[in-house]
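Based on the hints, put chain B in the right spot on chain A.
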Amino acid sequence: AQTVTQSQPEMSVQEAETVTLSCTYDTSESDYYLFWYKQPPSRQMILVIRQEAYKQQNATENRFSVNFQKAAKSFSLKISDSQLGDAAMYFCATPGSNYQLIWGAGTKLIIKP
Amino acid sequence: NAGVTQTPKFRILKIGQSMTLQCTQDMNHNYMYWYRQDPGMGLKLIYYSVGAGITDKGEVPNGYNVSRSTTEDFPLRLELAAPSQTSVYFCASSPGLPGQPQHFGDGTRLSIL
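Just so you know, the sequences run in chain order A and B. The numbering of the first sequence is our numbering, which starts it at 696 and goes up by one. The numbering of the second sequence is our numbering, which starts it at 218 and goes up by one.
These aren't lab readings, by the way, just hints derived from the structure by calculation. Treat each hint with caution, since some may be false.
Covered by chain B, according to a simulated footprint, are these stretches of chain A (three or more residues, beta-carbon under 8 Å) [to be verified]:
| id | stretch |
| --- | --- |
| 1 | 709–722 |
| 2 | 725–733 |
| 3 | 795–807 |
The model shown is predicted, which means the values in this text are computed figures rather than measured ones. Cβ coordinates follow ideal geometry from the N, Cα and C atoms, glycine included.
Only chain A is shown next, with the shape it has when bound in the complex:
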């Protein structure tokens, strides 16, 4: 069965510093995508970034970037210049069959002013 593991239940970072959230996964798919979603206190699920597994280049979206290690099945999210608005739950997800998403348990990110 496909699994997604986020080993850090909670992380805290000083405003303007950099933080990395880890995610490991297990999949039998050969071609797949990986996603990071953000869930702020408003409860909305917001796509942060996605990575295509067949691309060696790590995805980047402004202050958000990933470190994708396909052989290790690792997909960490780096947030640079952390801002107060980055405080949220962050979920890693990988597709299962029929374009379902398999979700990690999440990491709560706290930004210290």
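Same frame as chain A, but now just chain B:
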């Protein structure tokens, strides 16, 4: 820009009551999903649909039913509410193409007392 719309946003039910959570999307997406999110956890798939008239069970389908009579609508029915169904419910949709993310509604917070 409606996207995925869920109603109601909050509801309290008594044990044994029934209700339907409504979900509609205006993006002409073929795939739709229902998830539940328990406190401090990631999302678990209840049911999904790959098109009108086609539905299938996810990871935690017991106690729920769905239907998909149109592309736009994907209601979730709870027949005999139980305290274990207290959760936040999310509806999502996607085009069903590789790499395309799921778009989420704002969620329904349901309490069974």
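Here's how the hints hold up against the structure:
no. : hint    : in the structure
1   : 709–722 : violated (count 0)
2   : 725–733 : holds (count 3)
3   : 795–807 : holds (count 6)
In this structure, only the earlier hint numbered 1 is contradicted, and the remaining ones agree with it.
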